[in-house]
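Since each chain comes alone in its own frame, lean on the hints to assemble the complex.
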Amino acid sequence: MKEQDRGMTLIVKTITRLTVGLILLFGIYIVSHGHISPGGGFAGGVIVALSFIHIMLAFGKEVAFKTVSQKVASVFESLGALIFVTLAIVGIGYGYFFLNFLAKGEPFKLFSSGLIPLYNMAISFKVGAGLFIMFIILVMFRVTKKGEGE
Amino acid sequence: MTQHLLPLFVAIPLAAAFLNALLGKKIKRLSDLLSAVATFALAAASIYAVLLFKETGVIVYKVGGWAPPIGIAMVMDGLTCLMLVTVNVIAFLVSVYSIDYMEKYTEKWNFYCLFLLMLAGMNGVIISGDMFNLYVFLEIAAISSYALVAFGTEHEELEASFKYAVMGTLASSFILLGIVFLYSFTSTLNMADMSMELAKRGPSQIVLLVSVLFLMGFGLKSALVPFHAWLPDAHPSAPAPISAMLSGVLIKSLGVYAMIRVFFSVLGATPQVLSILMTIGTISIIVGACLALGQWDFKRLLAYSSINQIGYVILGIALGTPLGILGGLFHLLNHSVFKSLLFLNSGAVEYATGTRDLQKMGGLKEKMPVTANTSLVASMSIAGIPPFNGFWSKMIIIVACVQAGHFAHASWAVLASILTLAYFMKVQRYAFFGELKEGLSRVKEVPLFMKLSMIALAVLCVAGGLLLIPGLSGGLLNAASDAVLNGKDYGVIVFGAIK
Numbered sequence: 001m002k003e004q005d006r007g008m009t010l011i012v013k014t015i016t017r018l019t020v021g022l023i024l025l026f027g028i029y030i031v032s033h034g035h036i037s038p039g040g041g042f043a044g045g046v047i048v049a050l051s052f053i054h055i056m057l058a059f060g061k062e063v064a065f066k067t068v069s070q071k072v073a074s075v076f077e078s079l080g081a082l083i084f085v086t087l088a089i090v091g092i093g094y095g096y097f098f099l100n101f102l103a104k105g106e107p108f109k110l111f112s113s114g115l116i117p118l119y120n121m122a123i124s125f126k127v128g129a130g131l132f133i134m135f136i137i138l139v140m141f142r143v144t145k146k147g148e149g150e
Numbered sequence: 001m002t003q004h005l006l007p008l009f010v011a012i013p014l015a016a017a018f019l020n021a022l023l024g025k026k027i028k029r030l031s032d033l034l035s036a037v038a039t040f041a042l043a044a045a046s047i048y049a050v051l052l053f054k055e056t057g058v059i060v061y062k063v064g065g066w067a068p069p070i071g072i073a074m075v076m077d078g079l080t081c082l083m084l085v086t087v088n089v090i091a092f093l094v095s096v097y098s099i100d101y102m103e104k105y106t107e108k109w110n111f112y113c114l115f116l117l118m119l120a121g122m123n124g125v126i127i128s129g130d131m132f133n134l135y136v137f138l139e140i141a142a143i144s145s146y147a148l149v150a151f152g153t154e155h156e157e158l159e160a161s162f163k164y165a166v167m168g169t170l171a172s173s174f175i176l177l178g179i180v181f182l183y184s185f186t187s188t189l190n191m192a193d194m195s196m197e198l199a200k201r202g203p204s205q206i207v208l209l210v211s212v213l214f215l216m217g218f219g220l221k222s223a224l225v226p227f228h229a230w231l232p233d234a235h236p237s238a239p240a241p242i243s244a245m246l247s248g249v250l251i252k253s254l255g256v257y258a259m260i261r262v263f264f265s266v267l268g269a270t271p272q273v274l275s276i277l278m279t280i281g282t283i284s285i286i287v288g289a290c291l292a293l294g295q296w297d298f299k300r301l302l303a304y305s306s307i308n309q310i311g312y313v314i315l316g317i318a319l320g321t322p323l324g325i326l327g328g329l330f331h332l333l334n335h336s337v338f339k340s341l342l343f344l345n346s347g348a349v350e351y352a353t354g355t356r357d358l359q360k361m362g363g364l365k366e367k368m369p370v371t372a373n374t375s376l377v378a379s380m381s382i383a384g385i386p387p388f389n390g391f392w393s394k395m396i397i398i399v400a401c402v403q404a405g406h407f408a409h410a411s412w413a414v415l416a417s418i419l420t421l422a423y424f425m426k427v428q429r430y431a432f433f434g435e436l437k438e439g440l441s442r443v444k445e446v447p448l449f450m451k452l453s454m455i456a457l458a459v460l461c462v463a464g465g466l467l468l469i470p471g472l473s474g475g476l477l478n479a480a481s482d483a484v485l486n487g488k489d490y491g492v493i494v495f496g497a498i499k
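Protein chains in written order, with this note's numbering: chain A, 1 to 150; chain B, 1 to 499.
Just to be clear, a hint being listed does not mean it is correct.
Said to hold, decoys possible - Here are the computed lysine-lysine pairs in the DSSO-like style, where the Cα-Cα straight-line distance is at most 27 Å: (1) LYS437/B <-> LYS365/B; (2) LYS71/A <-> LYS26/B; (3) LYS499/B <-> LYS104/A; (4) LYS71/A <-> LYS104/B; (5) LYS437/B <-> LYS71/A; (6) LYS61/A <-> LYS26/B; (7) LYS66/A <-> LYS25/B; (8) LYS71/A <-> LYS25/B; (9) LYS66/A <-> LYS26/B; (10) LYS61/A <-> LYS25/B; (11) LYS25/B <-> LYS104/B.
What the hints assert, rightly or not - Only part of the chain A face toward chain B is listed, based on derived beta-carbon distances under 7 Å: (12) ILE15; (13) ALA81; (14) ILE89; (15) ILE92; (16) PHE97; (17) PHE98; (18) LEU99.
Hint data in this document are derived by calculation from the structure and do not stem from the laboratory. Here a beta-carbon is modelled for each residue, glycine too, at the ideal position from N, C-alpha and C.
So that you can see chain B by itself, here it is in the shape it has in the complex (with noise of 0.2 Å):
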């Protein structure tokens, strides 16, 4: 009974978008109370799925009764659970974020049902075991997320909004390509076959094609250096909530997820395809994080940051090394727990000041405490220092680059991480503390349900080192890492876990 737990995460989020399309506009709260239950759902069922994956291990499940590899199946293994936790609990508190900030817009249910169609996406994206489903989920997710970064509807948004569509349907169709590519090799198209289908008739040229588009399509999506135009502008022009999920989960359930599921468990991590991938991830390390100093606008810089920040998961995933995949994924949890805080805290000084830009900032530490510190607790986890989350995933992957040798990976890894330190103390120096400047006398503090979703981020925060010790974690982080290591068995532990 309990397997039918995975369909409900794609079921869960769509039903209740229509729902809020259908009757939002009729009957006043609806739509919040909805999207928050809806989500809540969600991320006590991912909670409980991680739960579940400890008792039973990897669990297939056969849509409408047919077995794979004739049918569609959706595959929960260690990745899987890592992900849906992270996807959901974010998504959760963001829905509540929204209840108060989105008082704003005009059309409230119609921002309701983009966010839960992405995530319904998302959701589809990390739990399908079919590529061709995988790819139509990644459509769901990035067409929604398009319109949902042009919901402002003001010049700036639309021209984000049409670039983001541009650079985005690209990706997509160089994802559509390597799945017709791949398709038309193999005869299947369950991930799991594929990747047993593929073992067998050995390396090609058509691997190495296919690889290629993948590298841009999961790039572009995953917005690492050459590929990441599109994502300083369009997470800083979506509305708060969204720019923290775009940034905090979009581009790594979209990005990194796919993947890491492509390239480990289908294609097969190959050295070069590795050492590419390193080289990018050192690269948007970097650079995100150069381009993240000279910024003013303050989303703007968080979305450098962005970039600056999945070159670090990248980086250690692409080690290919136990110590190093646990630490890129481990990472890639904090991240999104951080980047969504530092979101949602931008979103809550420009509800209540009117401005994102830092340099008309200042001193709104004593008028809004609670943002302040939440804030100044997500800086020093992105930053690294002990004892927050982010301190213990960036020196994994640091120790990591320096046990496989990798010795100037591991010193840019580290001079980026103080340049990361820099331009936080920066927002911090600009935006919270000095003196307060004129006519900001009046600011006040953000409305309820946005405090309490941005103090529940910062206790992640402070307690999310805790989940490097498997006995309270149930072995999350072990078991995603695990199923990346995997690799080709993919498909071998697929077929032995259907019933």
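One chain only, chain A, in its complex shape (with noise of 0.2 Å):
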């Protein structure tokens, strides 16, 4: 099969095109505002994972594995829940686990809040590899019956 003829029509393929970008744009504006208006670390993150998958539905899998492979959704899944526990844990330094350390800066400025907007983006890195390697992962395994071949 040809790369143009994989996943679905040129009306989907043009479309994807142009707003897939604006849609992990938006993801990223999401976990990056999470601390000063509604949304954050889960939200956006689903955002930036949908993004991904948006290719997929529209390139057919082949093509999105060039973007992110599993290797690589893996490896930011598991790091985002690592700078999660090592945020804390460093909280323990400062006095308490879990302790905001750094400078709360004003409210409602985008540098304020100390390490919520980090926090924020450790969720997103989870969440959003976690949910893509999921979608991943029902796309690809398939049940077969005992005997039956793949």
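Written out as structure tokens, the structure is:
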């Protein structure tokens, strides 16, 4: 099968090409403004994952794996969780587990509220990569009965 | 400074789990080392926690520096210490056992990742002083255990895991619903604050409803008899180290511990609740023993035996007398030691012979002396033969029953104890004694690490009875039973301990 025959029709592919960057950007916006507006690491992470899932739906899984492979996603997932735990443990050095030890800044400014944006970022890694992997697994694995080939 | 010990019980296994997921695939043997070191650190920390508790008394940790009841609290009292020691020491020995046992599976690092996540969840449930955090940690432990039951990914394992996941999620929903009602009634999630608020408001219908929901939820988690159907499928299907963790500590920390904490410390143990628990406990004792007698699958027999022994624990604690609670908690500790050992034995037999069917075994004593002798010790302990640890705890429970005037419960407990002896004699007779079966002549003893952890657990079985002497155990058991007996004073004690 030729590359352009995979995935959905030309209309879907064109629209996807136009919108997918915007969706990714919107996800990053939700993550980075998590501490001053509705949203945060979880919601933003889901939107970031959706942008990659969008590519997979429109162009087929081969193209999607070229942008983000399963291995990279799995590294990001573990890294997100590790950053979260590490930040929490570093807080012990300043007095308490999970202590917000950075300067809080001025309320409602982008660079404010200390560690919270970093926590949001870690969560978005974990959630985004996790959701993407879950989607891959649901797409790739098929249930086969005993004796039946792939 | 020493209070920073508390969050480490959650932080260490979480960090080790994700490091495993990140690096385990690339660096060979790293996951073995990481998991063994992390669980050893936790076991050492839990023993240190007991010594610390003896000096300082109850410790309340303010997570993030926010004072309870607004902030999240971690609480360490006598009961917490007992559970931490039980969970973390067993986890360390199981982790050592897995080094050799898990070689026959692929993706070992995934196993360790899930194992450590489950451990983090259990430690979290034990140490949390906040109702909703208790639920979150309970879910972490439960979900990783669903995945671990399915770890072999064969037909039977997937089916068992699915059944377990459905029943477990049902239990979690009941628990969450109970927490929702309690939160809307008391407007707080801190357990100490909740307990004081409930005491202020007096008895009400909502508390009754919540009690029923929690009884179902935690009853399902601890596999008491009307709620036990998932356990005989789930526990045998998991890899042996995980069976040992599930039967040994998971049903105790998620089920029994959480039940004690909620009923004694938060809701207040009314005579009605206690008598229901006592009845359920006695039914579990009898039904578990009768069903275990008829099993030919080694691990399935052990799973039914877990239901039987959890019945003793619940019966002892539900008596509500100091002696009964002491006996129940002591039996909880002992059961986690000998039941883990028995599951590890069954794993060793399966590792060497490739079968779990007792009828296909025989005469393994001469081929596998370490496995045979340690399993003999564990069987004697669980059947309550003096001087092993199981004897002392069962005796205390039965004496406490008689003292409290519950002669029927006491006699059922004695009868079931004889049945326990019977079905473990069956295991010994068919698996280890008798003639060596054909086809088993090439069986060899299991590798070093598996032997080491089985021997360590057998030593604990023999020495366990000494814990009853308060000087030797640092007053561990008495402190734990005092914490349960304090009951609704929990709130006052916790708020008094905030610094």
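Hinted pair LYS66/A and LYS25/B, Cα distance within 27 Å: holds (22 Å)
Agreement of LYS437/B and LYS71/A with the hint, judged by alpha carbon distance not exceeding 27 Å: violated (48 Å)
Interface hint for ILE89/A, Cβ within 7 Å of any Cβ on chain B: holds (5 Å)
Hinted pair LYS25/B and LYS104/B, Cα distance within 27 Å: With a Cα-Cα distance of about 16 Å, the restraint between LYS25/B and LYS104/B holds, given a limit of 27 Å.
Given hint PHE97/A near chain B, where the shortest CB pair must fall under 7 Å: holds (4 Å)
Restraint status (C-alpha distance of LYS71/A to LYS25/B at most 27 Å): Holds - the C-alpha atoms of LYS25/B and LYS71/A are around 11 Å apart, at most 27 Å.
Hinted contact ILE15/A with chain B - closest CB pair below 7 Å: Not OK, violated: ILE15/A not within 7 Å of chain B, min 36 Å.
LYS61/A paired with LYS25/B [C-alpha distance capped at 27 Å]: holds (24 Å)
LYS499/B paired with LYS104/A [C-alpha distance capped at 27 Å]: With a Cα-Cα distance of about 25 Å, the restraint between LYS499/B and LYS104/A holds, given a limit of 27 Å.
Satisfaction of the ILE92/A interface hint, Cβ to chain B closer than 7 Å: holds (5 Å)
Agreement of LYS66/A and LYS26/B with the hint, judged by alpha carbon distance not exceeding 27 Å: holds (22 Å)
Pair hint outcome, LYS71/A versus LYS104/B [Cα-Cα no greater than 27 Å]: holds (24 Å)
Hints 5, 12 from the list above are not met by this structure, while the remaining hints are.
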